[in-house]
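Visitor: Turn these sequences into a full structure, and let the hints guide you.
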Amino acid sequence: MNKGNNEEIIARYTTPDKVVSEFIKCRPIEKEYNSYLASFKENTSNYSRLRKLYILSDAIYEQYHDIAVCQKGCAHCCKIPVDISELEAKYIENNTKFKIVMNKNIDTNEYCNLLDLENGTCKVYEHRPMVCRTYLTFDNPSYCASETKHIHTRLIDHKDLIKLYEKLLDKYSQGKKIVIGDIRNYFSNV
Numbered sequence: 751m752n753k754g755n756n757e758e759i760i761a762r763y764t765t766p767d768k769v770v771s772e773f774i775k776c777r778p779i780e781k782e783y784n785s786y787l788a789s790f791k792e793n794t795s796n797y798s799r800l801r802k803l804y805i806l807s808d809a810i811y812e813q814y815h816d817i818a819v820c821q822k823g824c825a826h827c828c829k830i831p832v833d834i835s836e837l838e839a840k841y842i843e844n845n846t847k848f849k850i851v852m853n854k855n856i857d858t859n860e861y862c863n864l865l866d867l868e869n870g871t872c873k874v875y876e877h878r879p880m881v882c883r884t885y886l887t888f889d890n891p892s893y894c895a896s897e898t899k900h901i902h903t904r905l906i907d908h909k910d911l912i913k914l915y916e917k918l919l920d921k922y923s924q925g926k927k928i929v930i931g932d933i934r935n936y937f938s939n940v
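Numbering (my numbering) for the sequence shown: 751 to 940.
Derived by calculation from the structure, the hints in this document are not laboratory data.
Wrong hints could be hidden among the right ones.
With a Cα cut of at most 25 Å, we get these calculated DSS-like pairs of lysine-lysine [what the hints assert, rightly or not]:
id: 1; residue 1: 849; residue 2: 921
id: 2; residue 1: 791; residue 2: 781
id: 3; residue 1: 854; residue 2: 926
id: 4; residue 1: 921; residue 2: 781
id: 5; residue 1: 847; residue 2: 829
id: 6; residue 1: 921; residue 2: 909
id: 7; residue 1: 913; residue 2: 781
id: 8; residue 1: 847; residue 2: 791
id: 9; residue 1: 899; residue 2: 822
id: 10; residue 1: 829; residue 2: 899
id: 11; residue 1: 917; residue 2: 899
id: 12; residue 1: 847; residue 2: 873
id: 13; residue 1: 909; residue 2: 926
id: 14; residue 1: 854; residue 2: 829
id: 15; residue 1: 854; residue 2: 927
Pair by pair, the computed Cβ-Cβ distance ranges are [stated by the list, open to error]:
id: 16; residue 1: 858; residue 2: 797; range: 24 to 32 Å
id: 17; residue 1: 805; residue 2: 829; range: 24 to 32 Å
id: 18; residue 1: 808; residue 2: 916; range: 13 to 21 Å
Cβ coordinates follow ideal geometry from the N, Cα and C atoms, glycine included.
Guide: Shown next as structure tokens:
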């Protein structure tokens with residue numbers, strides 16, 4: 751079924767309040783949550799902690815894939831700003847063939863450099879950053895193709911998850927300034 755054209759799904763979420771009320775019903779993800787928190791007591795790398803946070807995030811957000819209209823190949827969200835931490839950029843670099851080549855003069859209103867434009871899929875999907883993992887839309891997908899305001903979730907909408915992400919960034923930075931930049935700036939040579 752192409753959820754993007756299913757009028758029943760599109761009609762359910764006409765206001766942000768309806769989406770938030772569904773989000774509040776999120777089932778507990780104790781195993782993933784406890785695994786992530788335990789990683790701070792263990793002698794483990796920040797990359798391992800980040801992977802555990804991604805697993806937790808995926809467990810939370812997979813509950814909403816049946817009510818979201820997002821689908822493989824859409825890729826309109828790949829044109830939004832995607833701020834990532836240096837930790838996430840290095841995680842992508844360590845786990846894929848793509849190398850960090852920083853360029854702050856990249857137009858961040860263009861499609862992400864890590865998007866395969868032919869088929870609309872992410873070249874680093876398994877290793878994609880938190881911003882991408884936590885972005886879903888719940889209303890008419892035609893709004894995604896335009897500047898029309900519509901209903902979606904972002905990392906910032908999930909307060910508990912953002913606190914866990916900040917905990918990891920604090921551990922990674924060890925009191926130094928946390929470097930944040932658009933993913934296009936980090937991977938400008940793709």
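Visitor: Does the alpha-carbon distance linking residue 849 and residue 921 stay inside the 25 Å limit?
Guide: At roughly 24 Å apart (the allowed maximum being 25 Å), residue 921 and residue 849 satisfy the hint.
Visitor: Given the hint that residue 791 pairs with residue 781, test it: the Cα-Cα distance must not exceed 25 Å.
Guide: 16 Å, holds
Visitor: Has the given pair, residue 854 with residue 926, been kept, meaning a C-alpha gap of at most 25 Å?
Guide: 21 Å, holds
Visitor: CB of residue 805 to CB of residue 829, is that within 24 to 32 Å?
Guide: 27 Å, holds
Visitor: Below or equal to 25 Å on CA atoms is what counts here, so check residue 847 against residue 829.
Guide: Roughly 22 Å between the alpha carbons, so the hint for residue 847 and residue 829 holds.
Visitor: Can the suggested window of 13 to 21 Å be confirmed for the beta-carbon pair residue 808 and residue 916?
Guide: Cβ of residue 808 to Cβ of residue 916: about 19 Å, so the range 13 to 21 Å holds.
Visitor: Please verify whether residue 847 and residue 873 have alpha carbons no more than 25 Å apart.
Guide: Given pair residue 847, residue 873 holds - Cα atoms ~10 Å apart, limit 25 Å.
Visitor: For a C-alpha distance cap of 25 Å, please report whether residue 913 and residue 781 respect it.
Guide: OK: residue 913 and residue 781 at ~18 Å, within 25 Å.
Visitor: Hint check: residue 854 vs residue 927, CA-CA at most 25 Å. Holds or violated?
Guide: Given that 25 Å is the threshold and the Cα spacing comes to 18 Å, the pair holds.
Visitor: Are the Cα atoms of residue 829 and residue 899 separated by 25 Å or less?
Guide: Satisfied, since the Cα-Cα distance of roughly 15 Å is no more than 25 Å.
Visitor: Take the C-alpha atoms of residue 921 and residue 781, compute the straight-line distance between them, and say whether it is at most 25 Å.
Guide: At roughly 22 Å apart (the allowed maximum being 25 Å), residue 781 and residue 921 satisfy the hint.
Visitor: With a cut-off of 25 Å on the C-alpha distance, tell me whether residue 854 and residue 829 pass.
Guide: Judged against 25 Å, a Cα distance of about 17 Å means the pair holds.
When each numbered hint is compared with the structure, violations occur for hints 8 and 11.
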